[in-house]
Amino acid sequence: MITASQISKQFDGIEAVKDISVSIRNGEVFGLIGTNGAGKSTFLRMACGILKPDSGTLLVDEKQVYENDAVKAEIFYISDDQYFLPNATPLDMADFYHDYYVKFDMGRFRELLGKFQLEQRRKVATFSKGMKKQLSVLLGVCANTKYMFCDETFDGLDPMMRQAVKSIFAGELAGRDFTPVIASHNLRELEDICDSVGILHQGGVIMQKDLEEMKLNIHNIQCVFHTPEDEAAALRGLAIVKSEKRGSLNTLTVRGKIEEIMAGINLHNPVFAENISLTLEEIFISETEVAGYDIKNLIF
Amino acid sequence: MTSRILFFKLIRQDVKKRIWCPIVIFLGYFLALEVNMLRLMGKIEEGADYYYCKDIPEYVEKCLFGTDIKMFVMLACLAAFLCAVSGFSYLHSRVQLDLYHSLPVKRTQAFLAKYVSGALQFFLPFAVHVGICMGIAAGKAAFSGAAFGNAVKMVGVVTLAFLLSYGVFLVAVCLTGNVVISVFGCLVLFFYSAVASLLTSTLFQTFFSTYMVVSWNDGLDYVSYWRFSPVSMLVDLFEPRYSGAFQNNTFFRYNADCLWKIAAAAFVYTLIAFVLYKKRASEAAGRAIAFRWAEPVIKTLLVIPLALLSGLFFREIASEKGADSWYLFGVVFGYVLAAVLLEIIFRLDIKGAFCHKKQFVFNAACLAVLAVVLRFDVLGYNTYVPADSELVSCAVSIENLMHVSPARSAGSGRAMWYTYIGVTDYRMDSVKIQGNPSVMDLARKAASEHLTYGSDNEAQKDYRMVAFGYNLKNGKHIYRMYTIDMADAQTRALVADVFNDSSYKTGISPMLNDGWKKEYIKLNCVGTFHNAVLDVTPEFQTKLLETYQEEFLKLDFDMMLDTYPIGCISPLTAEEYQADLSWGHSVRYDRYDGSLIYPQFTKTIALLKEYGFDVYEAVNMDDIDYINVLYRKENTEFNGTYSYVTYDYLEVGSVYDAQEQAQILEQALNTDYHWQVGTYTDLVEDTFEFSIHTKTDNESLQSKFHFKKGMVPDFIYAMEGYQKAVK
Numbered sequence: 001m002i003t004a005s006q007i008s009k010q011f012d013g014i015e016a017v018k019d020i021s022v023s024i025r026n027g028e029v030f031g032l033i034g035t036n037g038a039g040k041s042t043f044l045r046m047a048c049g050i051l052k053p054d055s056g057t058l059l060v061d062e063k064q065v066y067e068n069d070a071v072k073a074e075i076f077y078i079s080d081d082q083y084f085l086p087n088a089t090p091l092d093m094a095d096f097y098h099d100y101y102v103k104f105d106m107g108r109f110r111e112l113l114g115k116f117q118l119e120q121r122r123k124v125a126t127f128s129k130g131m132k133k134q135l136s137v138l139l140g141v142c143a144n145t146k147y148m149f150c151d152e153t154f155d156g157l158d159p160m161m162r163q164a165v166k167s168i169f170a171g172e173l174a175g176r177d178f179t180p181v182i183a184s185h186n187l188r189e190l191e192d193i194c195d196s197v198g199i200l201h202q203g204g205v206i207m208q209k210d211l212e213e214m215k216l217n218i219h220n221i222q223c224v225f226h227t228p229e230d231e232a233a234a235l236r237g238l239a240i241v242k243s244e245k246r247g248s249l250n251t252l253t254v255r256g257k258i259e260e261i262m263a264g265i266n267l268h269n270p271v272f273a274e275n276i277s278l279t280l281e282e283i284f285i286s287e288t289e290v291a292g293y294d295i296k297n298l299i300f
Numbered sequence: 001m002t003s004r005i006l007f008f009k010l011i012r013q014d015v016k017k018r019i020w021c022p023i024v025i026f027l028g029y030f031l032a033l034e035v036n037m038l039r040l041m042g043k044i045e046e047g048a049d050y051y052y053c054k055d056i057p058e059y060v061e062k063c064l065f066g067t068d069i070k071m072f073v074m075l076a077c078l079a080a081f082l083c084a085v086s087g088f089s090y091l092h093s094r095v096q097l098d099l100y101h102s103l104p105v106k107r108t109q110a111f112l113a114k115y116v117s118g119a120l121q122f123f124l125p126f127a128v129h130v131g132i133c134m135g136i137a138a139g140k141a142a143f144s145g146a147a148f149g150n151a152v153k154m155v156g157v158v159t160l161a162f163l164l165s166y167g168v169f170l171v172a173v174c175l176t177g178n179v180v181i182s183v184f185g186c187l188v189l190f191f192y193s194a195v196a197s198l199l200t201s202t203l204f205q206t207f208f209s210t211y212m213v214v215s216w217n218d219g220l221d222y223v224s225y226w227r228f229s230p231v232s233m234l235v236d237l238f239e240p241r242y243s244g245a246f247q248n249n250t251f252f253r254y255n256a257d258c259l260w261k262i263a264a265a266a267f268v269y270t271l272i273a274f275v276l277y278k279k280r281a282s283e284a285a286g287r288a289i290a291f292r293w294a295e296p297v298i299k300t301l302l303v304i305p306l307a308l309l310s311g312l313f314f315r316e317i318a319s320e321k322g323a324d325s326w327y328l329f330g331v332v333f334g335y336v337l338a339a340v341l342l343e344i345i346f347r348l349d350i351k352g353a354f355c356h357k358k359q360f361v362f363n364a365a366c367l368a369v370l371a372v373v374l375r376f377d378v379l380g381y382n383t384y385v386p387a388d389s390e391l392v393s394c395a396v397s398i399e400n401l402m403h404v405s406p407a408r409s410a411g412s413g414r415a416m417w418y419t420y421i422g423v424t425d426y427r428m429d430s431v432k433i434q435g436n437p438s439v440m441d442l443a444r445k446a447a448s449e450h451l452t453y454g455s456d457n458e459a460q461k462d463y464r465m466v467a468f469g470y471n472l473k474n475g476k477h478i479y480r481m482y483t484i485d486m487a488d489a490q491t492r493a494l495v496a497d498v499f500n501d502s503s504y505k506t507g508i509s510p511m512l513n514d515g516w517k518k519e520y521i522k523l524n525c526v527g528t529f530h531n532a533v534l535d536v537t538p539e540f541q542t543k544l545l546e547t548y549q550e551e552f553l554k555l556d557f558d559m560m561l562d563t564y565p566i567g568c569i570s571p572l573t574a575e576e577y578q579a580d581l582s583w584g585h586s587v588r589y590d591r592y593d594g595s596l597i598y599p600q601f602t603k604t605i606a607l608l609k610e611y612g613f614d615v616y617e618a619v620n621m622d623d624i625d626y627i628n629v630l631y632r633k634e635n636t637e638f639n640g641t642y643s644y645v646t647y648d649y650l651e652v653g654s655v656y657d658a659q660e661q662a663q664i665l666e667q668a669l670n671t672d673y674h675w676q677v678g679t680y681t682d683l684v685e686d687t688f689e690f691s692i693h694t695k696t697d698n699e700s701l702q703s704k705f706h707f708k709k710g711m712v713p714d715f716i717y718a719m720e721g722y723q724k725a726v727k
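First to last, the sequence lines map onto chains A and B.
Counting from 1, position 10 in the first sequence corresponds to residue 10 in the numbering used here; the numbering is continuous, with no gaps.
Counting from 1, position 54 in the second sequence corresponds to residue 54 in the numbering used here; the numbering is continuous, with no gaps.
Isolated chain A (complex conformation) (with noise of 0.2 Å):
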């Protein structure tokens, strides 16, 4: 589990990460989502121990990570522009980490390396932006390490391979304790990747939820009523996160259990009234307006 408590991280009098509190529980992907310069980078690379956080308490698996070989052992950090060794074949970096990761499995490695089209001996140099970032997830799930931190890895990956890293990220999941930690300034990459997600926004956290929990938590319900007097009955029930209406058509975002609000709605027998669901985007607009944040122009 990785706990961060009121972490905060200066660079020349800039405030890159102010008083981060996040909870990162094991065996979920975690999504940390933000704009450029929203400390995404910086969390993680405090998360991994490259940098010593000014302030706050960072812990993995309750030890502090940085100078901490043992902790830093079970982590694998790729990097927005992952250093490859120079004139360094798949193989060679392989062998590099192979070195430094005990538990680093070659035999998948290639494998891996097969099943991606990746040759073996060709210099990484000559691979293109996105096969480098394929190499990189690779050489991640083969260090076998219990965490993996990438920053904005899968951002522009298209979308087979996207689908061949979840299917992995998936497997390993299933397989050994393994808890990915994905930031992106996109959350429409981490939709179908995370369970879990936070927001950054300038250094610091303002949001941090389960996925699921979330979309099973908030609705878009579009509804029409015979008369005013049922629909103000109907709606009073319910609690609207946001309402909008045309005409007689009322869209309502709200929160609770589905089966509690169509029954609450259909005890005012209305013309009709369905579930339509929600995109991540329109969740977390949603739940950041609640917040007092206007996030739309922010990360979509």
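Some clues are possibly wrong.
What the hints assert, rightly or not - Computed cross-link-like contacts, DSS-like style, restricted to lysine-lysine with a CA-CA straight-line distance of at most 30 Å:
#1 A:103 / B:522
#2 A:146 / B:17
#3 A:132 / B:351
#4 A:18 / B:261
#5 A:52 / B:9
#6 A:123 / B:278
#7 A:103 / B:16
#8 B:261 / A:63
#9 B:278 / A:52
#10 A:63 / B:106
#11 A:115 / A:103
#12 B:357 / A:146
#13 B:279 / A:18
#14 A:52 / B:261
#15 A:63 / B:351
#16 B:279 / A:146
#17 B:261 / B:603
#18 B:106 / A:52
#19 B:261 / A:129
#20 B:9 / A:18
#21 B:106 / A:103
#22 B:16 / A:146
#23 B:17 / A:132
#24 A:115 / B:16
These are computed hints drawn from the structure, not numbers from a lab.
Could you slot chain B onto chain A? The hints should help.
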């Protein structure tokens, strides 16, 4: 065990990453060792001289594994630079740093692995090449136990030099956050204190008229921080010093005392580099300086010397009258330029030029204080004279009086040579006067009068220089050079008291000072007209030293100045004599740079005659073909600021008449006499100079001669050449 395995894995990965580095080092030493060795062996086989090695075994033992060490040390410094920069420059790249610092390796372990890897990347190629050279030498039957010993020593010394440079460059790399700045940092750290001490020395020479440098002991390290610079440590390792620490008479010459200093410095620099590496924040990558606290310190240490250097530069190129104004301009200009440039470099942004105003003002204030202290001698450098109670002894050198050059032989076999020590430098070590109040009276008088040479040539015609070396009870040696006026009766009396002191006399004579500890085999004897080399037995040596010392100590200052010396002797040890012979001539054979013989030294003259040299022996008139006379014409010139004197030597003519030749020879005085004591006396007519040419080979005697004062034969003035010259 796991960590040990990881350590070797780290080294392996590091070598793989920068495999070019050991390859470059390997190639460098291949050219410097095997290729150079085979090239020179070929030349020596063909009979060519290389450092005067007589054969290949001597070359292998004494040159390849001896004198050539300086080249290998220079290569080691370059190798250290490569190893430090290539191994640790990842600290300057955020991308690389993200990878390396995210790996499960403690910084201590990472540093040690990279450090050891770098050291091995130097040591292994170097040691392999030395081994191959040993093999080649053995193949040519030119390898001996002594050569092996020298090779081992050489590898040790070169490795030590590498470790020192490596430590220094690591400090520079760990202190900076940018590759270009770290290269500058390497240069600054490697040379800083040496350059700063040079600058300090130059400033002192410019502003303090009493400043003097004593090279044998302190030299530039008179400015005490000279020795902290790695380059000065390496220079000191090989620079011959008179202090005795030097191993004379060998090809493989280094100051063994310096090795401990270098080892200690290498350790300290490496430790500093390690601490910086540990403390260095990862986010420092890309900055000019990795530690914010270091910026003002570096700025102050660079800006102030650069400003003073600029002041000196503008002062030097200006006219004498405007020197102060140009000095001021140079200091201000240099300061602003240096401060702004450094700030821009630190910020990597031209807009940051004036972003630290407080530091700017602080450094400007420090600089102003320094500039004023130097220019106006606020701390009383020129007037400093220690209290008598602080003194252990005092060294004095009355300049241009009995200047006997103390020469030492060096080398071995065919490669013998002389190393000359400055007369003043020698005396600052050899003269140790105690309990003579006139010494400090003279110092105080000279310091308080503070005479300096100006444009009034007439008023300062009797100005002379006197050097003082104060050996203080606290172990310090402080040196001053004063100008005194010998026309001042009190000053002259004090100088006489100093000269008459037996410690002074013994100290200024290398023969008396060192002779008791040496074994001489030859004695060069020089009379006015002829010379001889006598064999010296231990018995003769003892007698000579005792007799000469007895008579020389009796030589009174006034007596000396009123009497013409009639000869000169220079004893030689076996090595010194060999050095003379090895150069194919006798460099000290017929010159008056030994111990002077005065007519009053009757016992010495008798002793020399007993052993085969008659100092009074005259030149055989029948041998003389002609005497050529020159007239020294004095010209006063003006360069726009001050006037100065130049001399032209004009032909007076050649004298063939035997009677006239006899008249000339009666008044002959060796010109070297003038160099020895002439400037304190008025016994020499130095407007004329003549040479004697013999019939046998139609060549002149090697000596040149002056006339005694007022004793120029009248017919000289009547000669056509003279009349023409004085027109």
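Here's how the hints hold up against the structure:
For a cut-off of 30 Å, the pair hint linking residue 103 of chain A to residue 522 of chain B is broken: about 82 Å separates their Cα positions. With a C-alpha separation of about 28 Å, the suggested pairing of residue 146 of chain A with residue 17 of chain B holds against the 30 Å cut-off. Distance restraint check for residue 132 of chain A and residue 351 of chain B: the Cα-Cα separation of roughly 38 Å exceeds the 30 Å cut-off, and the hinted pair is therefore not satisfied. Taking the CA atoms of residue 18 of chain A and residue 261 of chain B, the gap is about 49 Å. The hint is violated against a cut of 30 Å.
Taken as a hint, the residue 52 of chain A and residue 9 of chain B pair is honoured in the structure, with Cα atoms around 26 Å apart against an allowance of 30 Å. Between residue 123 of chain A and residue 278 of chain B the CA atoms are separated by roughly 33 Å; this puts the pair beyond 30 Å, and the hint is violated. With a C-alpha separation of about 22 Å, the suggested pairing of residue 103 of chain A with residue 16 of chain B holds against the 30 Å cut-off. Between residue 261 of chain B and residue 63 of chain A the alpha-carbon distance is near 44 Å, which puts this suggested pair outside the 30 Å criterion.
Restraint check: the Cα-Cα separation between residue 278 of chain B and residue 52 of chain A comes to about 12 Å, which is no more than 30 Å; the hinted pair holds. Note on residue 63 of chain A and residue 106 of chain B: the hinted pairing holds, with a Cα-Cα distance of about 15 Å set against a maximum of 30 Å. Of the pairs offered as hints, the one joining residue 115 of chain A and residue 103 of chain A holds, with about 21 Å between alpha carbons and a cut-off of 30 Å not exceeded. With a CA separation close to 50 Å, the supplied pair residue 357 of chain B and residue 146 of chain A exceeds the 30 Å bound.
With a CA separation close to 23 Å, the supplied pair residue 279 of chain B and residue 18 of chain A stays within the 30 Å bound. In summary, the hint linking residue 52 of chain A to residue 261 of chain B is not supported, as the alpha carbons are separated by about 37 Å, beyond the 30 Å threshold. For the hint linking residue 63 of chain A to residue 351 of chain B, the alpha-carbon distance of about 43 Å lies beyond 30 Å, and the restraint is violated. The suggested pairing of residue 279 of chain B with residue 146 of chain A holds, with an alpha-carbon distance near 28 Å, which does not exceed 30 Å.
Our distance criterion of 30 Å between C-alpha atoms is broken by residue 261 of chain B and residue 603 of chain B, whose separation comes to about 51 Å. As the CA atoms of residue 106 of chain B and residue 52 of chain A are separated by approximately 14 Å, the hinted pair is consistent with the 30 Å bound. Between residue 261 of chain B and residue 129 of chain A the alpha-carbon distance is near 53 Å, which puts this suggested pair outside the 30 Å criterion. Pair hint residue 9 of chain B plus residue 18 of chain A does not hold up; C-alpha atoms about 38 Å apart against a cutoff of 30 Å.
Straight-line distance between C-alpha atoms of residue 106 of chain B and residue 103 of chain A comes to about 18 Å, which keeps the hinted pair within the 30 Å bound. Taking the CA atoms of residue 16 of chain B and residue 146 of chain A, the gap is near 28 Å; set against the 30 Å cutoff, the hint holds. A C-alpha spacing of about 19 Å is found between residue 17 of chain B and residue 132 of chain A, which places the hinted pair at or below 30 Å, so the restraint holds. For the suggested pair residue 115 of chain A and residue 16 of chain B, the alpha carbons sit about 28 Å apart, so the restraint of at most 30 Å is met.
Figure legend: structure checked against the earlier numbered hints; hints not met, in rising order: 1, 3, 4, 6, 8, 12, 14, 15, 17, 19 and 20.
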